[in-house]
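Student: Below are the chains, spelled out letter by letter.
Protein chains: 2
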Amino acid sequence: MGRTSDARERILTAATDLFSLRSYGSIGVAEICAQAGVPKGSFYHFFESKQALALEIIDLQWGSQRGRWQRVLDGDGSLVGRLKELFAFTVEVQNLSLSEAGVVCGCIFGNLNLELSAGDDPMRERLRAIFDEQVHMIRRSIEAAQALGDVPAIDARGAAKSIVAQIEGTVMFAKLFNDPGQLDELWANSLRLLMVSEAQEV
Amino acid sequence: MGRTSDARERILTAATDLFSLRSYGSIGVAEICAQAGVPKGSFYHFFESKQALALEIIDLQWGSQRGRWQRVLDGDGSLVGRLKELFAFTVEVQNLSLSEAGVVCGCIFGNLNLELSAGDDPMRERLRAIFDEQVHMIRRSIEAAQALGDVPAIDARGAAKSIVAQIEGTVMFAKLFNDPGQLDELWANSLRLLMVSEAQEV
Numbered sequence: 000m001g002r003t004s005d006a007r008e009r010i011l012t013a014a015t016d017l018f019s020l021r022s023y024g025s026i027g028v029a030e031i032c033a034q035a036g037v038p039k040g041s042f043y044h045f046f047e048s049k050q051a052l053a054l055e056i057i058d059l060q061w062g063s064q065r066g067r068w069q070r071v072l073d074g075d076g077s078l079v080g081r082l083k084e085l086f087a088f089t090v091e092v093q094n095l096s097l098s099e100a101g102v103v104c105g106c107i108f109g110n111l112n113l114e115l116s117a118g119d120d121p122m123r124e125r126l127r128a129i130f131d132e133q134v135h136m137i138r139r140s141i142e143a144a145q146a147l148g149d150v151p152a153i154d155a156r157g158a159a160k161s162i163v164a165q166i167e168g169t170v171m172f173a174k175l176f177n178d179p180g181q182l183d184e185l186w187a188n189s190l191r192l193l194m195v196s197e198a199q200e201v
Numbered sequence: 000m001g002r003t004s005d006a007r008e009r010i011l012t013a014a015t016d017l018f019s020l021r022s023y024g025s026i027g028v029a030e031i032c033a034q035a036g037v038p039k040g041s042f043y044h045f046f047e048s049k050q051a052l053a054l055e056i057i058d059l060q061w062g063s064q065r066g067r068w069q070r071v072l073d074g075d076g077s078l079v080g081r082l083k084e085l086f087a088f089t090v091e092v093q094n095l096s097l098s099e100a101g102v103v104c105g106c107i108f109g110n111l112n113l114e115l116s117a118g119d120d121p122m123r124e125r126l127r128a129i130f131d132e133q134v135h136m137i138r139r140s141i142e143a144a145q146a147l148g149d150v151p152a153i154d155a156r157g158a159a160k161s162i163v164a165q166i167e168g169t170v171m172f173a174k175l176f177n178d179p180g181q182l183d184e185l186w187a188n189s190l191r192l193l194m195v196s197e198a199q200e201v
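In order, the protein sequence lines correspond to chains A and B.
According to numbering that gives the first Met the number 0, the residues represented by the first sequence are 0 to 201, in order.
According to numbering that gives the first Met the number 0, the residues represented by the second sequence are 0 to 201, in order.
Certain hints may be false.
Part of the chain B face toward chain A, derived, beta carbon under 10 Å [as the list claims (entries may be wrong)]:
(1) Arg7
(2) Leu11
(3) Asn110
(4) Leu126
(5) Leu147
(6) Ala158
(7) Val170
(8) Phe172
(9) Arg191
(10) Met194
One side of the interface only, derived from the structure: several residues of chain B facing chain A at Cβ under 7 Å [claimed, not checked]:
(11) Ser22
(12) Gly24
(13) Val28
(14) Asn112
(15) Gly157
(16) Ser161
(17) Glu167
(18) Thr169
(19) Leu175
(20) Gly180
(21) Glu184
(22) Asn188
(23) Leu192
(24) Ser196
Everything labelled a hint here was simulated from the structure, so no lab data went into it.
For glycine and all other residues, C-beta sits at the position ideal for the given N, C-alpha and C.
Kindly generate the complete structure, drawing on both the sequences and the hints.
Tutor: Dropping the structure here:
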């Protein structure tokens with residue numbers, strides 16, 4: 000049994016690990032508490048419900064991922080090059096999951112989304128906001144690249160959405176085949192969605 | 000309580016409906032039997048486990064979807080036109096789900112995949128085989144279109160994979176936003192992945 004003072008933190012860590020590896024629906028509060036080494040009674044001292052805990056984990060994960068995305072998209076080099084770096088980050092996350100946990104965990108937002116039921120409205124709203132924000136961030140980069148003539152005058156929002164969908168679908172393949180190599184062609188495919196030829200890539 | 004003779008059928012129907020609407024992990028044998036109007040004891044007369052039932056449902060669903068895909072891909076008109084029809088079918092399935100069940104259910108294979116845990120090996124194998132077969136079917140169509148000069152000489156297998164990933168990612172958006180309209184741009188995006196201009200579409 001750990002110190003009470005870090006019990007909340009340990010519940011968050013244990014649940015993040017469990018939600019990355021198994022389905023949300025299959026994991027109960029008892030299992031989270033057992034893995035965290037925290038008595039079940041104290042769970043409800045910190046979190047109203049498993050859903051409240053999941054919402055906090057979603058916010059923490061997206062907060063961290065958004066920060067990384069922002070740094071990459073605001074970085075040096077051509078905008079197309081920055082998008083390429085964003086995808087390298089996606090591959091890195093899945094490689095890390097494979098080497099640390101032995102499995103490609105996929106995208107926690109995509110995993111949770113596909114498990115959603117009609118009753119999961121707060122979680123659905125949060126996930127919608129995250130995907131909207133991802134599309135918005137990539138859209139802004141595409142528009143900036145269009146202003147420089149690096150990307151043709153296609154619908155930037157539609158292209159950004161298609162790129163996020165391509166990431167999610169390809170990460171799903173990486174999870175299914177437990178192979179981050181499935182992501183190898185993500186970059187070339189995204190260039191096609193942007194109608195940028197690979198030779199043109201700067 | 001229905002007749003014993005159709006109990007197996009009713010379990011399959013009830014479970015298919017439940018798995019389309021909620022996560023696999025959140026649905027137990029008791030709920031499936033209650034919805035089917037079948038005593039829980041008789042479940043194990045027909046199925047060894049919930050997983051065995053799920054595998055049979057996966058096979059039935061893919062058997063039906065594959066037949067439809069095959070008819071569309073072997074149909075008349077240009078190969079690009081047939082692919083377009085394939086996507087129209089995807090949109091139709093999600094529209095039907097929305098009008099009949101009130102929710103966009105997404106892709107049952109994608110939903111189950113993102114719920115998979117390390118212990119779900121038989122299901123993982125089945126889903127891998129299905130996605131491999133989907134890629135193979137689209138690849139064959141692309142190669143035939145390339146032979147006619149309708150699609151440029153890109154890597155057909157890679158392009159087919161990117162299209163299946165695009166379908167899965169976009170269907171995930173449709174599920175998240177409960178809006179089949181999310182699929183509106185799927186066709187234009189797939190043409191880009193094939194490097195076929197919309198003007199060129201025949």
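Student: Look at each hint and say if it fits the structure.
Tutor: Structure-based check of each hint:
A hinted interface residue such as B:Arg7 counts as satisfied when its beta carbon comes closer than 10 Å to some beta carbon of chain A; here the least separation is about 25 Å, so the hint is violated. Because the closest C-beta pair between B:Leu11 and chain A is about 21 Å apart, greater than 10 Å, the hint is violated. For B:Asn110, the interface hint holds, the least distance from its beta-carbon to any beta-carbon of chain A being 5 Å, beneath 10 Å. Hint on B:Leu126 holds. Least Cβ distance to chain A is approximately 6 Å, under the 10 Å limit.
A hinted interface residue such as B:Leu147 counts as satisfied when its beta carbon comes closer than 10 Å to some beta carbon of chain A; here the least separation is about 21 Å, so the hint is violated. A least Cβ separation of about 8 Å between B:Ala158 and chain A falls short of the 10 Å threshold, and the interface hint therefore holds. The beta carbon of B:Val170 comes within 9 Å of a beta carbon in chain A, closer than 10 Å, and the hint placing it at the interface holds. Against a cut-off of 10 Å between C-beta atoms, the interface hint on B:Phe172 holds, since the closest Cβ of chain A lies about 6 Å away.
Given hint, B:Arg191 at the interface with chain A, holds; its Cβ is 5 Å from that chain's nearest Cβ, closer than 10 Å. For B:Met194, the suggested interface contact is upheld, since its CB lies about 6 Å from the closest CB of chain A, less than 10 Å. A cut of 7 Å between beta carbons decides the hint on B:Ser22: the least distance to chain A is about 4 Å, and the hint holds. Using the Cβ-Cβ criterion of 7 Å, the hint placing B:Gly24 at the interface with chain A is satisfied: the shortest such distance is roughly 3 Å.
At a threshold of 7 Å, the smallest CB-CB gap from B:Val28 to chain A is about 14 Å, leaving the interface hint violated. Contact between B:Asn112 and chain A, as hinted, is supported at the beta carbon level, the nearest pair being about 5 Å apart and thus within 7 Å. At a threshold of 7 Å, the smallest CB-CB gap from B:Gly157 to chain A is about 5 Å, leaving the interface hint in force. Because the closest C-beta pair between B:Ser161 and chain A is about 4 Å apart, less than 7 Å, the hint holds.
Below 7 Å, beta-carbon pairs count as interface contacts, and B:Glu167 has one with chain A at about 4 Å; its hint therefore holds. Nearest Cβ of chain A to the Cβ of B:Thr169: about 5 Å, under the 7 Å cut. The hint holds. Taken as an interface hint, B:Leu175 checks out: its beta carbon lies about 5 Å from the nearest beta carbon of chain A, inside 7 Å. Given the 7 Å rule on beta carbons, the hint for B:Gly180 is violated: about 12 Å separates it from the nearest Cβ of chain A.
Taking 7 Å as the C-beta contact cut-off toward chain A, the hint placing B:Glu184 at the interface holds, the least distance being around 5 Å. The restraint placing B:Asn188 at the interface with chain A holds, with a minimum CB-CB distance near 4 Å, inside the 7 Å limit. Interface hint at B:Leu192: satisfied, since its Cβ lies 5 Å from the closest Cβ of chain A, which is below the 7 Å cut-off. Hint status for B:Ser196 relative to chain A: violated, with the closest Cβ pair at about 9 Å, above 7 Å.
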